[in-house]
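Enquirer: Sequence:
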Amino acid sequence: MLKALFQLPRTVWLLGLVSLFNDATSELVYPLVPLFLASVLMAGPQAMGVIEGIAEATASLLKLFSGAVSDRFGHTKAWVVGGYSLAALSRPLFYLAASWPVVLALRFADRVGKGLRTSPRDALLAATVPEGQRGLAFGLHRALDNGGAVVGPLVAAWLLAEGVALRDIFLWAVVPGVITVAFTLALKEPAALPGPKPRFSWKMEGFSATYKRYLLVLALFTLGNSSNMFLLLRAKDLGLPDYQVPLLWALTSGVAMVLSTPLSALSDRLGRVRLILAGWAVYGLFYLLLGVNQFHPLLLWPLFAFYGVFLAATEGAEKALVADLAPQDRLGTAYGWFHMTVGVLLLPASLVFGGLWQDVSAEAAFAFSAGCALGAALLLKFWVRLPQP
20 MLKALFQLPR TVWLLGLVSL FNDATSELVY PLVPLFLASV LMAGPQAMGV
70 IEGIAEATAS LLKLFSGAVS DRFGHTKAWV VGGYSLAALS RPLFYLAASW
120 PVVLALRFAD RVGKGLRTSP RDALLAATVP EGQRGLAFGL HRALDNGGAV
170 VGPLVAAWLL AEGVALRDIF LWAVVPGVIT VAFTLALKEP AALPGPKPRF
220 SWKMEGFSAT YKRYLLVLAL FTLGNSSNMF LLLRAKDLGL PDYQVPLLWA
270 LTSGVAMVLS TPLSALSDRL GRVRLILAGW AVYGLFYLLL GVNQFHPLLL
320 WPLFAFYGVF LAATEGAEKA LVADLAPQDR LGTAYGWFHM TVGVLLLPAS
370 LVFGGLWQDV SAEAAFAFSA GCALGAALLL KFWVRLPQP
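In this text, residue positions in the sequence shown follow this note's numbering: the first is 20, and each later residue adds one.
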């Protein structure tokens, strides 16, 4: 596998480095937001649900737009550069936030940047490698992305342990953000595919019934997959000290970083479906266990490492499967529909989860998410009937 890794095109590695530094920036800020909302701005779980739901849902619509436009005009680099630049600009501005609506605006700007860049970037990555290496390429990309998700929380934890104020830590996002933008500028625009450019259709003309069923199953899974910030808030409620919350997320990202490349590459040989089903099973068990009260804080560490296995098994395989099922001249649009389906459901998912937690119980919220994962796994296996290699 190492030989195959080093033979991957320059574009794959460059996009991986972009994600490495971008996620270092994002994950420096991300684990601190629930702490900032709860302890500084005095906002509860429902406010966090509104913030994350609106931000992610809006970004999802932009992912479809940017993907379709990149297919139509054959340009991807401008979307990638612009999207990462907007995110890099918004994150240090959390330093100025005085209320949760300001946090909402900044998270919105960050997710708009993600919406502009994600589909063109994934289409560029998928088009750069042959079908038999898509799992490997997306696995490497996710591994480097998760590497940044290790560095960011570790820096955040160190700064918290040193007594740096939460608000001041957000300013540290400037440096990796600048490096991220510099790497995007080094990308080269790929050659456009010959032939007429596809036109966008809300009826998804040109896509197979199998692909459309796959999106419906992902929608059900996502309905129970609310913001990861709820996981960090749950860990805090179960007794984990504030300074250890970023470390806990760093552990999750570290496990995902180590396992993403080999597990995603395994999907090239064993099939995407098997990896996705295994990952969703891990997810369901994780949510059931985390919903249990009287959970000893020490047990959170192996449990969140277990969650990293879910991320490693699914993130690369789900994206590689999109490219397997979509026409090559519609990859941007295909990833746009994929990301929009996942993102739009985050608003009701976050609102339902936050509402169940606040109005019923944490156990009910986490059990609901596990139930959605089980239902999606059954449909993926017995209804969609995706092809095996």
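FYI, nobody ran anything at the bench for these hints, they're computed from the structure.
Predicted, not measured: the structure shown is a model, and the values here were computed from it.
A virtual CB, placed ideally from N, CA and C, is assigned to each residue, including glycine.
Hints may contain errors.
Claimed, not checked - Think about it this way: if two alpha-carbon atoms lie no more than 30 Å apart in a straight line, the pair counts; the simulated DSBU-like pairs of lysine-lysine are:
#, residue 1, residue 2
1, 400, 222
2, 96, 207
3, 96, 222
4, 22, 207
5, 22, 96
6, 255, 96
7, 22, 231
Stated by the list, open to error - Cβ pair distances, simulated, as ranges:
#, residue 1, residue 2, range
8, 231, 92, 22 to 32 Å
9, 193, 224, 39 to 49 Å
10, 311, 221, 13 to 23 Å
Enquirer: Indicate, hint by hint, whether the structure satisfies it.
Expert: To see whether the hints hold, each was checked on the structure:
{"no.": "1", "hint": "400 / 222", "result": "holds (25 Å)"}
{"no.": "2", "hint": "96 / 207", "result": "holds (7 Å)"}
{"no.": "3", "hint": "96 / 222", "result": "holds (27 Å)"}
{"no.": "4", "hint": "22 / 207", "result": "holds (24 Å)"}
{"no.": "5", "hint": "22 / 96", "result": "holds (28 Å)"}
{"no.": "6", "hint": "255 / 96", "result": "violated (40 Å)"}
{"no.": "7", "hint": "22 / 231", "result": "violated (36 Å)"}
{"no.": "8", "hint": "231 / 92: 22 to 32 Å", "result": "holds (25 Å)"}
{"no.": "9", "hint": "193 / 224: 39 to 49 Å", "result": "holds (45 Å)"}
{"no.": "10", "hint": "311 / 221: 13 to 23 Å", "result": "violated (43 Å)"}
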